[in-house]
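K.L.:
Spelled out, the chains give:
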Amino acid sequence: MTALAALIRRDVSVALRVGGGALIGVLFFLTVVVLMPFAVGPDLALLKKLGPAILWLGALLASLLTLDRLFTADHDDGSLDLIVMSRTPLELACAAKALAHWLAAGLPLVVATPVLGLLLNLDGVATGAVALTLLAGTPALTFTGMIGAALAVVLRRGGLLLSVLVLPLSIPVLIFGVAASNAALSGPSPFGTPFSILCALSLMSLVIGPFAAAASLRHGLD
Amino acid sequence: MKLSGRGLRCVRGGREVFSGLDVMAESGHAVAITGPNGAGKTSLLRLLAGLLAMAGGSISLEGGDPELTLPEQAHYLGHRDALKPALSVSENLSFWREFLGSASRSSPADAAQALATVGLDHVGHLPAAYLSAGQRRRLSIARLLAVKRPVWLLDEPTSALDVSGQSAFAAVMTEHLKGGGIILAATHTPLGIAVRELRIGGTA
Numbered sequence: 001m002t003a004l005a006a007l008i009r010r011d012v013s014v015a016l017r018v019g020g021g022a023l024i025g026v027l028f029f030l031t032v033v034v035l036m037p038f039a040v041g042p043d044l045a046l047l048k049k050l051g052p053a054i055l056w057l058g059a060l061l062a063s064l065l066t067l068d069r070l071f072t073a074d075h076d077d078g079s080l081d082l083i084v085m086s087r088t089p090l091e092l093a094c095a096a097k098a099l100a101h102w103l104a105a106g107l108p109l110v111v112a113t114p115v116l117g118l119l120l121n122l123d124g125v126a127t128g129a130v131a132l133t134l135l136a137g138t139p140a141l142t143f144t145g146m147i148g149a150a151l152a153v154v155l156r157r158g159g160l161l162l163s164v165l166v167l168p169l170s171i172p173v174l175i176f177g178v179a180a181s182n183a184a185l186s187g188p189s190p191f192g193t194p195f196s197i198l199c200a201l202s203l204m205s206l207v208i209g210p211f212a213a214a215a216s217l218r219h220g221l222d
Numbered sequence: 001m002k003l004s005g006r007g008l009r010c011v012r013g014g015r016e017v018f019s020g021l022d023v024m025a026e027s028g029h030a031v032a033i034t035g036p037n038g039a040g041k042t043s044l045l046r047l048l049a050g051l052l053a054m055a056g057g058s059i060s061l062e063g064g065d066p067e068l069t070l071p072e073q074a075h076y077l078g079h080r081d082a083l084k085p086a087l088s089v090s091e092n093l094s095f096w097r098e099f100l101g102s103a104s105r106s107s108p109a110d111a112a113q114a115l116a117t118v119g120l121d122h123v124g125h126l127p128a129a130y131l132s133a134g135q136r137r138r139l140s141i142a143r144l145l146a147v148k149r150p151v152w153l154l155d156e157p158t159s160a161l162d163v164s165g166q167s168a169f170a171a172v173m174t175e176h177l178k179g180g181g182i183i184l185a186a187t188h189t190p191l192g193i194a195v196r197e198l199r200i201g202g203t204a
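Protein chains in written order, with our numbering: chain A, 1 to 222; chain B, 1 to 204.
Source of the hints: derived by calculation from the structure; they are not laboratory data. Heads up, some of the hints might be wrong.
Claimed, not checked - Computed spacing ranges between beta-carbons, pair by pair:
no.	chain 1	residue 1	chain 2	residue 2	range
1	B	Ala55	A	Phe38	50 to 60 angstroms
2	B	Pro85	A	Gly187	43 to 53 angstroms
3	A	Ile171	B	Glu62	45 to 55 angstroms
4	A	Arg87	B	Ala170	25 to 35 angstroms
5	B	Ser60	A	Arg17	38 to 48 angstroms
6	B	Met54	A	Arg87	17 to 27 angstroms
Claimed, not checked - Some chain B residues flagged as far from chain A (calculated, every beta-carbon gap over 10 angstroms):
no.	residue
7	Val23
8	Gly56
9	Ser58
10	Gly165
11	Gly179
Fair warning: this is a prediction, and the values are worked out from it, not measured in the lab. For glycine and all other residues, C-beta sits at the position ideal for the given N, C-alpha and C.
Given only the sequences and the hints, what does the whole structure look like? Please build it.
P.N.:
Following this line, the structure appears as structure tokens:
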């Protein structure tokens with residue numbers, strides 16, 4: 001346990017210090033959401049209708065933006081070799097890295113949501129619902145994205161490849177995240193059903209992500 | 001303790017690097033792996049460290065901890081230093097000490113002592129980004145001291161080290177061998193300790 005705690009501590013503090021990627025995601029999220037009202041125009045009703053979708057899109061793209069450094073940074077400086085050689089199972093190490101990434105880059109998105117909700121004319125209940133769905137859904141984005149991040153190391157291609165690989169996996173999360181938010185906001189359908197599916201997607205990715213990432217890292221050792 | 005590899009074959013990028021290679025090392029002995037550039041010295045070390053898939057042959061470690069695999073009992077010191085520039089020198093070292101799993105058996109004093117041995121105790125608070133190449137190498141060597149593992153796989157361990165650093169590292173290796181450790185080092189320069197030479201690759 002000390003090994004995993006040490007890994008999480010290290011990754012979080014690297015992300016939060018100068019040159020770390022934690023703030024980049026939030027800044028990107030902020031930029032997308034701030035620009036949106038200018039693009040849509042002064043139609044408050046439309047803005048309110050689009051609000052949850054805009055917040056979810058922004059959060060999805062922001063979390064993709066920072067994901068590609070998840071393993072490549074460790075691969076470039078040789079840390080990944082030592083992580084593979086440690087006595088900690090690689091699956092657990094991958095899960096710890098993803099958790100640290102979520103704490104440093106995913107959680108700030110959730111925290112920023114209430115502030116950004118104001119810009120989109122969302123009331124308290126609606127922003128609360130969107131923040132709740134993001135809290136439940138961003139772990140799924142991180143843990144499925146981790147599979148793409150591991151493949152990016154193995155295939156030696158970062159950036160764009162990662163987005164192409166990960167986007168199809170994150171579409172269900174987006175659909176149910178926005179559906180749950182809309183249900184809370186206006187819809188006749190209940191909030192519980194899409195929200196439960198969203199939670200299920202997160203739990204599933206918590207299990208599949210680390211195994212798939214570890215398998216691809218092991219297979220692609222070089 | 002005896003480390004032996006028989007009939008090792010390594011293929012990288014569709015090209016055979018070496019095949020039918022035998023390597024053997026016993027407790028208290030050091031093996032220097034020499035050969036021309038591209039002969040496969042690094043590949044051999046990474047093969048032993050479990051970081052490359054074997055295309056053939058077998059590797060065994062007799063007399064080690066039966067619960068652990070060879071990579072889990074080995075230190076690998078590669079070209080890349082595995083340091084995070086944003087973290088301080090002592091944070092980098094204490095992370096590896098905790099992560100590689102001897103934190104329960106050693107005290108924080110061990111990390112401080114390891115830093116003192118490699119002559120970095122005065123820069124412990126400095127971010128690793130400000131270290132020179134030689135100092136980075138010294139910090140990597142401190143990792144070998146802070147976490148006890150019997151097998152050391154060293155890839156060009158003395159590169160970037162100054163003369164005093166090289167002699168200090170020779171003393172460190174002598175101490176490790178005295179304690180029954182095994183050292184395999186790929187090198188072009190003399191290590192300053194008694195070694196058995198394993199030459200791989202032809203006269204390319």
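K.L.:
So which of the earlier hints does this model not fit?
P.N.:
none
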